[in-house]
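Asks: These are the residues of each chain, in order.
Number of protein chains: 2
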Amino acid sequence: MIGKPVPQPSQTAAFVPGKIIPIDLMANAGHRSYDIVVGDSILSEAGTLISLRLGVRRCLIITDNNVGPLYRQRLEAVLAAAGHTLIPALEVSAGEGSKDFTTLQVVLDHMLKNGIDRQSLVIALGGGVVGDLAGFAASLVMRGIDVVQIPTSLLAQVDSSVGGKTGINTVHGKNVVGTFYQPRLVLADVTVLDSLPKREMLAGYAEVVKYGLIKDADFFHWCQSDGDKLLRGDRQAQIYAVGYCCSQKAKIVAADEREKGERALLNLGHTFGHALEAIIGYNQLILHGEAVAIGAVMAFKLSAQLGFCSHAEAYEVRDHFATMGLPVAPPSTFDYDVDKLMDLMAQDKKAQNKKLTLILARRIGDAFVSHDVKTDAVRDLWLELLR
Amino acid sequence: MIGKPVPQPSQTAAFVPGKIIPIDLMANAGHRSYDIVVGDSILSEAGTLISLRLGVRRCLIITDNNVGPLYRQRLEAVLAAAGHTLIPALEVSAGEGSKDFTTLQVVLDHMLKNGIDRQSLVIALGGGVVGDLAGFAASLVMRGIDVVQIPTSLLAQVDSSVGGKTGINTVHGKNVVGTFYQPRLVLADVTVLDSLPKREMLAGYAEVVKYGLIKDADFFHWCQSDGDKLLRGDRQAQIYAVGYCCSQKAKIVAADEREKGERALLNLGHTFGHALEAIIGYNQLILHGEAVAIGAVMAFKLSAQLGFCSHAEAYEVRDHFATMGLPVAPPSTFDYDVDKLMDLMAQDKKAQNKKLTLILARRIGDAFVSHDVKTDAVRDLWLELLR
Chain A
4 MIGKPVPQPS QTAAFVPGKI IPIDLMANAG HRSYDIVVGD SILSEAGTLI
54 SLRLGVRRCL IITDNNVGPL YRQRLEAVLA AAGHTLIPAL EVSAGEGSKD
104 FTTLQVVLDH MLKNGIDRQS LVIALGGGVV GDLAGFAASL VMRGIDVVQI
154 PTSLLAQVDS SVGGKTGINT VHGKNVVGTF YQPRLVLADV TVLDSLPKRE
204 MLAGYAEVVK YGLIKDADFF HWCQSDGDKL LRGDRQAQIY AVGYCCSQKA
254 KIVAADEREK GERALLNLGH TFGHALEAII GYNQLILHGE AVAIGAVMAF
304 KLSAQLGFCS HAEAYEVRDH FATMGLPVAP PSTFDYDVDK LMDLMAQDKK
354 AQNKKLTLIL ARRIGDAFVS HDVKTDAVRD LWLELLR
Chain B
4 MIGKPVPQPS QTAAFVPGKI IPIDLMANAG HRSYDIVVGD SILSEAGTLI
54 SLRLGVRRCL IITDNNVGPL YRQRLEAVLA AAGHTLIPAL EVSAGEGSKD
104 FTTLQVVLDH MLKNGIDRQS LVIALGGGVV GDLAGFAASL VMRGIDVVQI
154 PTSLLAQVDS SVGGKTGINT VHGKNVVGTF YQPRLVLADV TVLDSLPKRE
204 MLAGYAEVVK YGLIKDADFF HWCQSDGDKL LRGDRQAQIY AVGYCCSQKA
254 KIVAADEREK GERALLNLGH TFGHALEAII GYNQLILHGE AVAIGAVMAF
304 KLSAQLGFCS HAEAYEVRDH FATMGLPVAP PSTFDYDVDK LMDLMAQDKK
354 AQNKKLTLIL ARRIGDAFVS HDVKTDAVRD LWLELLR
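Chains as they are written, first to last, in this note's numbering: chain A, 4 to 390; chain B, 4 to 390.
Just to be clear, a hint being listed does not mean it is correct.
The list treats identical chains as one, so a pair stands whether inside a single copy or across any two.
Said to hold, decoys possible - Derived lysine-lysine pairs resembling DSSO-like cross-links, with alpha carbons at most 27 Å apart:
hint: 1; residue 1: Lys232; residue 2: Lys377
hint: 2; residue 1: Lys304; residue 2: Lys218
hint: 3; residue 1: Lys201; residue 2: Lys377
hint: 4; residue 1: Lys116; residue 2: Lys343
hint: 5; residue 1: Lys116; residue 2: Lys218
hint: 6; residue 1: Lys232; residue 2: Lys116
hint: 7; residue 1: Lys263; residue 2: Lys201
hint: 8; residue 1: Lys358; residue 2: Lys304
hint: 9; residue 1: Lys358; residue 2: Lys201
hint: 10; residue 1: Lys254; residue 2: Lys377
hint: 11; residue 1: Lys218; residue 2: Lys254
hint: 12; residue 1: Lys116; residue 2: Lys304
hint: 13; residue 1: Lys232; residue 2: Lys358
hint: 14; residue 1: Lys232; residue 2: Lys263
hint: 15; residue 1: Lys343; residue 2: Lys254
hint: 16; residue 1: Lys116; residue 2: Lys254
hint: 17; residue 1: Lys377; residue 2: Lys116
By construction, these hints were calculated from the structure, which means they are not laboratory data.
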């Protein structure tokens, strides 16, 4: 999923730390807090950024066979230069298929047979799949060792690398097995986004827009006016958007780490989206971010149908995604079973006692959790979209 | 491993709550605290004890094929009588072999296909294996749902059910994959100990003595004078000992949930013991508690050899275990490879950067963590015991 590499900034360039966002979980989870560092030469400084905060460590890089060939050697070099020692890196197969029990066991076995201990450090170098899988394995080995996230996709930089959700998929649904396990540091280098295929970049952009949709109409308007700059590689726009999204997520996670309340808003579009991904089978027909875009459009449409928000705003959301090139309806090349889609939605983690819990919206920038959405309304919406 | 059932106290008997021990993890882990209820009619009151603290729930009992036939139906009846609903119970095979990836997947699959959700409650009814496995699965499904421990072995009542250590074994060692995940309630009914085979009871007793060895010489002396009462079924002695051990463990866990310091003392004898269990292969040749007894004897002998404690005290420890009928040296019917034992000890979770970390003692009731035990001294001790 990663295209050919593009020239990277010189490793000898002066370090510009970019935006440092502290995330403080002291309030509800003891003395745990960590920094999210966002900038345009972060990868080159990763060794120092880690040793300054976490000391000199024995490091295990976990990556995939798309990202590994692009950035692993460079990361190993900067880690070694900062005094860290290296456990042989592990490359898993790129793609959602690696978020399974089999690959989890491969990762844990690699850790254990290389003598990982509680003082070792796992570094997740990759997109959301690598971050979720490596974070999950790190949370389990020796009952939990430190992990640093170095997200290389836009989706991972703005969403999955922050907040400590880890997990794998099963036949029963996406991320239905996992842990809440915070990383010790997140390093987001926007320059690596240059190597992302356009489709991946767009898919991640859906999660960027989501932050505006749930809590901040101004940011949605920024997306409407400046979102294309981000997608075209404008560094300032990228650092601004990644930094903004991470700040928002840090605030929400600090207030509600285990998703008892507000954190659920981040799932806007996800219950629809997860059902779509599951029924299609986690393949290239639909990427996670694309499913989220479709799901967010559906959530606003449903909100309008249920009288919570205006149809005009629901169209505005749909139009922005469509204008940017994201899908706004399920791929028509798949043969859907609406009963199965409904079952998958009911199984989603947000389900409470078999009622459908969904994130709906009163307007753009004002989402809320509804625990009693009537299944008929949801079924009708699927039927309308899929006919 | 469970013998034939003995008469149980009448379910209509007035409820005697026995000893209630609060465990408060607020200090280092947010607003998490739970009660450990110890007494002699707890199982009959489990439904009410749960509903009073955790509300009325959809409950999934996980047990094994030794304990299930004895207590599952009775537990289901008292849960139903208190208004809880039941997900079909799951019985795994009794024995350490169930603490593996395969059985973990079976448990998770059972949970998911029965539509477990974040409001459901897992009830671990069994010994240490069931508690560790069910606790682990509960910590992973939907990224963690509530779990109540109902320990049915002495070992589980005094040790493994309290404190939130969960996990499974791999070829690389015991409990090397797991989580720290606290139960919401622990219900210890000492009457169920009547159905424990004598060998299991004795194995659990090794963990009882451990609390005296690490922090409290007076309790060790109580074991010397009254320990046999506990083993012979004296209710008062059982409630006293189980309550004492749970109180001690609650204090230690509240101060050091993630074993950064003092909690490691609870591992007295465990690094030796884990190596023995691993090399023998987790079978009936040695039970966990027996391995801990042997390990504790070795830890005191090593402490004496290294000049930390007197040989007289090391003999006193050995003599008490031997007097009660516990093994004090590795079973002679197995062909040991000392290099492999040393490797297994180095792999143990307590290992730090390849040095041997062991719990040693200055005297009975005064154990400490040593991070730099010379491997030669440990190897010599194995050779001495195994020749």
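Asks: Compare the structure with the hints numbered earlier in the document and write down the numbers of the violated ones, lowest to highest.
Replies: Per hint list: 1, 3, 5, 6, 7, 9, 10, 12, 13, 14, 15 and 16 violated.
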